[in-house]
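Using the sequences and the hints given, assemble the complete structure.
2 protein chains.
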Amino acid sequence: MAITAYQKCINPDCGAEFDRTEAIFKCPKCGDLLDIQYDWSKAKLPEKMEDFSKRWANRNQRLDFSGVWRFRELLNFCEDEHKVTIGEGQTILQQNDFIAKELGMDKGNVHLQYEGLNPSGSFKDNGMTAAFSHASLVGAKSCACASTGNTSAAVSLYAHSCGMKCTVFIGQGRIAFGKLSQAMDYGAQTIQIAGDFDDCMKQVQDVCSKLNIYLLNSLNPFRLEGQKTIMYRIIESLNWQVPDWIIVPGGNLGNSSSFGKAFKELKDLGLIDRIPCLAIINACGADTLSYLVNQRGLKWNSGWVESKEINSLYADFTAKKFSPHTIASAIEISRPVNLKKCLRSIEICDGLVIDLPDEEIKDAKAMVGKYGLGCEPASAASVAGLRRLVQDGTIDPGEKVACVLTGHALKDPDLTVNYHTKREGVLSNPPVEVPNDLDKIIDIIKA
Amino acid sequence: MAITAYQKCINPDCGAEFDRTEAIFKCPKCGDLLDIQYDWSKAKLPEKMEDFSKRWANRNQRLDFSGVWRFRELLNFCEDEHKVTIGEGQTILQQNDFIAKELGMDKGNVHLQYEGLNPSGSFKDNGMTAAFSHASLVGAKSCACASTGNTSAAVSLYAHSCGMKCTVFIGQGRIAFGKLSQAMDYGAQTIQIAGDFDDCMKQVQDVCSKLNIYLLNSLNPFRLEGQKTIMYRIIESLNWQVPDWIIVPGGNLGNSSSFGKAFKELKDLGLIDRIPCLAIINACGADTLSYLVNQRGLKWNSGWVESKEINSLYADFTAKKFSPHTIASAIEISRPVNLKKCLRSIEICDGLVIDLPDEEIKDAKAMVGKYGLGCEPASAASVAGLRRLVQDGTIDPGEKVACVLTGHALKDPDLTVNYHTKREGVLSNPPVEVPNDLDKIIDIIKA
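Those sequence lines, one after another, are chains A and B.
Numbering-wise (the UniProt record's numbering), the first sequence opens with residue 1 and increments by one.
Numbering-wise (the UniProt record's numbering), the second sequence opens with residue 1 and increments by one.
Keep in mind that a hint or two might mislead.
Which bits of chain A does chain B cover? Going by a derived footprint, with three or more residues having C-beta under 8 Å, they are [said to hold, decoys possible]:
id, segment
1, 86-94
2, 189-199
3, 203-211
4, 236-242
5, 346-358
6, 410-420
7, 437-444
Here are some chain B residues the structure puts well away from chain A; computed CB gaps all over 10 Å [stated by the list, open to error]:
id, residue
8, 56
9, 195
10, 239
11, 358
12, 363
13, 446
Simulated from the structure, these hints should not be mistaken for lab results.
A virtual CB, placed ideally from N, CA and C, is assigned to each residue, including glycine.
So this is what it looks like as structure tokens:
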């Protein structure tokens, strides 16, 4: 089918447009974020969302097998021969009646979308399959990113899968090598720079620009196109019913940005008839979005965002040498790259943002483990958010909710072990020591 | 459809039969292993294997969504209402031409079946969905196992998913709590007994018997019925072509036992026209099967296995206080429970077994990371085996091979980190330290 995608600056005073075959990521005219737009009038779309599901049975067609490209008409920015896939998106929406009961929700109304089942263990794969397809479209031969977490894992995996050289930039100081194990495992070149993360970010951009290396950072708008499919899969699993709420952890805000775009597009195309509410959950120690929206009243305002509010806060961060701090490391971010797009999603989805303390996130993580498939700490912010929003009456027990669990339970086993063995929370479940004596063992089990 | 499954002792001198609704696991008459048998003449089976795949599109039907129960006619031992599923089996067969090239195989002939994408992170889920369905059939209210690894993770996850109480028995001494993190996370009661693993095994059996608790140990023949579906999914992904070779790590030998049974049944039913060769890979430090088959000539022999060979070896182990030792912890087993059934599979599949040193397994693990989706150490025994069998001419470059990767790359990140940062093998890929200087960074990347 004809490809009518192009890139467009989100700043309404600029609105510059760029070809889909350029790797720009940030508007060269005004410095604002770029969006991927489509001329839907020329698109050939399925009449019903159900038609996408039929493809699932074509397990020998690589694009139908992918949980992302199965929906390819809705992210139609490159030709099939450029599409990179490693089978991402075989994820599960779990109806969890145990958690519904714990949180006072009606049976059947709590669903957990476990994106940890992606090949690299996090939702990032949804975005990387799209971004690497774009990298292929523009003829990139090598790629890079600065990250010590899920991004470096996903980038490294997709890079080798399409035969591209990959360099991961990390800073000095406390590096959790467990988190980096995947980048090394997947064969990425890991460069540790004598500097902090900001130095890394600067160097990776300069290096990519000098050597014509494709940069896979969070600015990349094609990543967000892939992440839209998380929403498609949620409503597919709900038999094409749109839930009342989507709840998602908020870090760099790529997910929340893409989810709003996904629903807006589906509604405009007449493929769904209503848009769910979106709740974004910050950790208290990394609550930039929550502060700006709730304390400073920041809004999308048709694209005319009050940038001075943002700039003033960031200047304050710099002056105070503020670093965000939360056990939910995947959302430990104080200057979220996709902030403005996220404000747009909040408008589209009549959304809200709250921030929660680490203790509530840790207990929610334990709840997802005890009753669900488990998740990494940051993921549990969505379930902690559900708990809080039910408690304060924002979410009604009769409403249908889908919480996005962004990463695999095995991404951070140390936190799990400490929570349980050091009795850090209300759901701590440490081992019990018992003598090698049948009666004593039976007493423990019967207790 | 009518259920005609029953349990039968594999010892031809015994051949005792038992109802499917009993939880026996070990022949009460002769102590040998039990098998699940079907009266296929009364079974209503699809005419072609392709018919199973069509179900994949029915994503809202829980049994069609499961990668195990989608093939339910082939493991038809309980009514649908007893079937327990958490969406297991959304796994990927990856054609890996990079590894094919590295190992001297023809392009298109090396495939990796990554079972780490199961909800608990290992192939065990295939078996547990079946065993827990049996537990539901017999009305079990609680369950137990002795394990510090993948089994305890899978048992704990399925137990809470069907609202069953679960107790995991572990011994004293060096416990890697990272490996136990999943059991604690999934809410299992973990009992640490003042004794070694043998003490645990004895106590768990006594406790289960006294308190009528369902025991999920490796003897359970229903687990093997679920594991058959790994083979169905492999041939499904190959467009219903049977490969020339299946290669699998050998530990307790449940997988190899079930794979032979799977192919024999499919052939008998006329659903496939030939059976692949099966190669089982032991680690040198846990090479019971390899020793007995290759040094002592042990054979299935229509069920009349020379038990005295086995007993004599095990007596020797006891006398020497022998403990198996390999970095491939998931196959660090010296008395494999399913030994006899595995001998049967070797006969069915014209199979073989070899044992390989840890170094080759570690390098193969790094190769799966560098070129594939990664895996846990024991899983890589299958790829190490492929390398060896190509080198010695057993496998021809023109033959089609599927290697089973049993567990998730994140199951043992410490080994990955050590391999790379301590330069333990030929594919070690440690981080490079560089000054915060653009030119020096560019030099490194260009090098």
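Do the hints match the structure? See the list:
no.: 1; hint: 86-94; verdict: holds (count 6)
no.: 2; hint: 189-199; verdict: holds (count 8)
no.: 3; hint: 203-211; verdict: holds (count 5)
no.: 4; hint: 236-242; verdict: holds (count 3)
no.: 5; hint: 346-358; verdict: violated (count 0)
no.: 6; hint: 410-420; verdict: holds (count 7)
no.: 7; hint: 437-444; verdict: holds (count 4)
no.: 8; hint: 56; verdict: violated, 5 Å
no.: 9; hint: 195; verdict: violated, 4 Å
no.: 10; hint: 239; verdict: violated, 5 Å
no.: 11; hint: 358; verdict: holds, 17 Å
no.: 12; hint: 363; verdict: holds, 13 Å
no.: 13; hint: 446; verdict: violated, 8 Å
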